[in-house]
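With the sequences and hints as input, model every part of the structure.
There are 2 protein chains.
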Amino acid sequence: MNEAKLKEAKTKPANTANTTGANAANGKSGRRSKSSPPPVRIFSLGGIGEIGKNMYGIEYKNEIVIVDAGLKFPDSRLSGIDYIIPDISYLTQNQHKIKGLFLTHGHEDHIGALPFVLRQLSVPVYGGALTIGLVRAKLEEYRMLGEVKLHVFDENDRFDYQQLSVHFFRTTHSIPDAYGIVIDTPYGAVVHTGDFKFDFTPEDKPANLFKMASVGGEGVLALLADSTNSEKEGFTPSERRVGGAILEAFRQCDGRILFATFASNVHRLQQVVDAAMQCNRKIVVIGRSMEKVFAIGQDLGYIRVPEGMLVDVKHIDRYEDRQILIVCTGSQGEPNAALSRIASGAHRSVQIYPGDTVIFSSSPIPGNGQNVNRSIDMLMRAGAHVIYGSIFDIHTSGHGCREDLKLMLSFIRPKFFIPIHGEYRMLLSHKNLALQTGLTEDRVFVMNIGDTLSVYRNRAKRGRTIPAGEVFISNGEMRLNEDELVEERMELAQEGIVVVVMTVDSRTGKILSGPDIVTRGFVYMQDARPLLRRAEAALRRSLNRMGEKETYSQKLWLRTTQQVMRRYFQREVGRTPHIMPSVLEV
Amino acid sequence: MNEAKLKEAKTKPANTANTTGANAANGKSGRRSKSSPPPVRIFSLGGIGEIGKNMYGIEYKNEIVIVDAGLKFPDSRLSGIDYIIPDISYLTQNQHKIKGLFLTHGHEDHIGALPFVLRQLSVPVYGGALTIGLVRAKLEEYRMLGEVKLHVFDENDRFDYQQLSVHFFRTTHSIPDAYGIVIDTPYGAVVHTGDFKFDFTPEDKPANLFKMASVGGEGVLALLADSTNSEKEGFTPSERRVGGAILEAFRQCDGRILFATFASNVHRLQQVVDAAMQCNRKIVVIGRSMEKVFAIGQDLGYIRVPEGMLVDVKHIDRYEDRQILIVCTGSQGEPNAALSRIASGAHRSVQIYPGDTVIFSSSPIPGNGQNVNRSIDMLMRAGAHVIYGSIFDIHTSGHGCREDLKLMLSFIRPKFFIPIHGEYRMLLSHKNLALQTGLTEDRVFVMNIGDTLSVYRNRAKRGRTIPAGEVFISNGEMRLNEDELVEERMELAQEGIVVVVMTVDSRTGKILSGPDIVTRGFVYMQDARPLLRRAEAALRRSLNRMGEKETYSQKLWLRTTQQVMRRYFQREVGRTPHIMPSVLEV
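Chain order of the listed sequences is A and B. Straight run, no breaks: the first sequence in the working numbering ends on number 586. Straight run, no breaks: the second sequence in the working numbering ends on number 586.
In case anyone wonders, no lab produced these hints; they're calculated from the structure. Just so it is clear, CB atoms sit at the ideal spot from N, CA and C, and this is done for glycine as well. A few of these clues could be false.
Examples of chain B residues toward chain A, derived with CB under 8 Å [to be verified]: (1) D75; (2) G367; (3) G369; (4) E423; (5) Y424; (6) A493; (7) V501; (8) M502; (9) L512; (10) G514; (11) M580; (12) E585.
Here are the computed lysine-lysine pairs in the DSS-like style, where the Cα-Cα straight-line distance is at most 25 Å [stated by the list, open to error]: (13) B:K138 to B:K149; (14) A:K205 to A:K406; (15) B:K510 to A:K510; (16) A:K138 to A:K149; (17) B:K232 to A:K232.
And the structure:
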């Protein structure tokens, strides 16, 4: 297989040797190369100044390597929007330069945008075994599997292009097969850590500290590193500790156990399986993504479940409560996830009853706190004993805290540092850490998406900015202009809408029927009939009055209707609904 | 003044001695009193199972005493709703029984509903000096000051009615003049703690431990106690510690300081004034509610500011940066608060520049986390140094943690215990504390709003439930049916709206003009014109086709339009907008 991949990569330079792309970027670097040597350009299309939709690019001359293609979940104000993904127009303009899209690991904020990115870009995708497994399942859902080249890499692989060369080092995170990515350039290596923490007692393969050290030893030009926990002191606790806590918690239960965690946290799932085994419990898996991960995880050998231990939810009643462990999604209180439906009594086959214990093995992602609390309260009202929050060590983060981050900086010892993967204050706090480790102000760059950093052998400077922003996904469709739609929707949601319709004789301007007023979300119709009838009468009067002096034009009638209605409702109910007049002509 | 109040209270029994109210509650208790003695009924109309809109009632025979009338802030999904207040229909039905409305302290979640409650109830309002000061300002805003009887009480006051009698003990909280309320009944005292923590080094008057102890010593029937921090271990740190931390933080700044905290935290404001004095800084107060509290606080002597220390924002440029301290609202990231407008550059007279230090002296209320982070990031981007979160001791909670709560339980030693002021899991955790202090399961009642607890001398049982729920306030108006409106709005916000209008000859059913389709929040108009034109054509065809077999009726035409359009858009764009057809007849 490695042969195959290497060959595949080796052959690439040939068929991408053309440099005829006459686009700005290319032209620039082309011109520059005559005078000064061209820079290595580093940019982000998502993931800095925010948590989510990670996507980074490393560009040198006519070659671009992309790292990750993630999505972000919108906050509750963005009604009707399912995901947010990066604007990749810079990449579509430079399609011919792109060598490959390399995935650091299999979390949604790093792979979730792929189905949409791959509709616009034709580019081979590389990732660890589990990562590619998850990507394959995702592309299957979108019926795109046929169109895309997927390649599994491991630590010993290396992909050589004309100027750039890509290799990897294994890290530890809350999902197996998490890798740091090294892009060798003529000026030295650019290192992207992916998401990581230093877990010295991991549940699967250890991080490759030796390779990190040797990469650092050979001289690193620039480091891009995960800033998520840069505000938190100390080292992030090992996943191993959680295993013990889970078993401890299970031992104290004699009723059913419901265990909710991130479906993607395969280590956690293995720990749950192991603990269930020791407590002689059968496992019922509920929730689409949880079932998916259990399937993929077992296929690829990342989750080992003893024969006959998994039980279909249909057969749950064949067992006593103390023999049952339900593993489910919903640890973030997502309204449609399994646990939320169970908590609210909306799940078809599982209800909560006294004696149940529910374990939240997760911490709420910022913004989800209220949903999680709502779930917890509903479960408690139903009589469940709920274990959550910092009680017990039932969860640990997958992201390194300040000591982890210092250790990474010390291993890699970059000339230039770019904190990534975090909101602005996390990036700043990571910057300050970097300064503590000896980097100087002029060598640390806190960037925004769309900024480019031009890096030379011994200096770096901010370059021109490239297009970057948010693309909304709703019902599986990209909606570039959705932001304006969303504004309209928010406006509708603020005060509701008033529709005013009438038929007018286009010759005389005489109103033949209407005006009729209908509203939605504005006033409670039953109560408001009189109000609306009065409004209609008032409007008819003013339009007729106008008809006497002005000659009719649809535009004028529409504008007047707008004005009259806005003033009327402002005066009568002190509110300004969105007014939609339409004047039909006969 | 005390005389006045006492007289006022004394005279009350006379003019409320009538028991002619033939409503259910009264009738019931009437019947009951023949057989068994009537119970003391305890109920909540808001504040249990939630944080906010606190309102409690203690009822015996023909007397009701109300404690607090608070509001709750809606989460972001409730577009267009400003506040949520309790449904008080039970009280309006029993108006004749109500003796008084007693306020524990001046926070919005305890006094915020007054302007709306007092439109429906005529009842005298009692509170501590600062509380009444804040209520007066609030009623002035709503131009209701004339209509309402407001009375200031202090610890030595006692209000005697026929059966019930009300007195108070001072507690410590994050606002001065916080009181616990004691309602003496024939079966013993019912004690409502209000919001409290035990602060042994408070910034103003200490809690009256002696009175708590003596109330407890005389035998307490039932205790209702604040559960907000019942999940948190230990004692809540004293406000005094914060004073030191603030001064420490100020000393490290040589640029401008912006200090954001809850306007209502008068102690905190005094600490800020004191620290500013020691650092020779002038104070600029920004934000409506902050200005209000500074005014009221100074009037009533709760905030002492040296002559000439307060500077109008207009004159801010007369001073050097190191001489300026800006105290402002917005510590919760509220989008329209002063600090948020300053952070986003939208404030008319104050902008952030490098060298500024911004201090968040607060912790985000659940649900506000993202807004706070957004503000912090904006401020940092503008170049400010931001102090927030647990860094330094720049904030402490006003609510007691587990040790505070145990101490209160030990002082009061109630026969029966009702945890209040908290979401369900907080109530449960408070219940478990009570069990640890020796109360038995059958004497602790976790209730819902609308539940009533019937308490006798030595037993208590759940009684019938009474009406309770949420009333939405938008633009200062109560909207009892707002929930349905809000549903309509959310629907609009989900997929947008499609308006279809046409003029039809009511005799023939022939379409004279239209159908015209206009949309909002559904599709991006520029892109969608062709789609909409096709939809219009499709609709015209099906209506004409129908016109050939069916005889025209507006109803039928409307229904058909609904169906055709829903199917059409489902098929064409896979979405189901809210469809509003209107058929005009000539």
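Hint-by-hint comparison with the structure:
no., hint, in the structure
1, D75, "6 Å, holds"
2, G367, "5 Å, holds"
3, G369, "5 Å, holds"
4, E423, "6 Å, holds"
5, Y424, "4 Å, holds"
6, A493, "4 Å, holds"
7, V501, "5 Å, holds"
8, M502, "7 Å, holds"
9, L512, "5 Å, holds"
10, G514, "5 Å, holds"
11, M580, "6 Å, holds"
12, E585, "6 Å, holds"
13, B:K138 to B:K149, "14 Å, holds"
14, A:K205 to A:K406, "22 Å, holds"
15, B:K510 to A:K510, "20 Å, holds"
16, A:K138 to A:K149, "14 Å, holds"
17, B:K232 to A:K232, "20 Å, holds"
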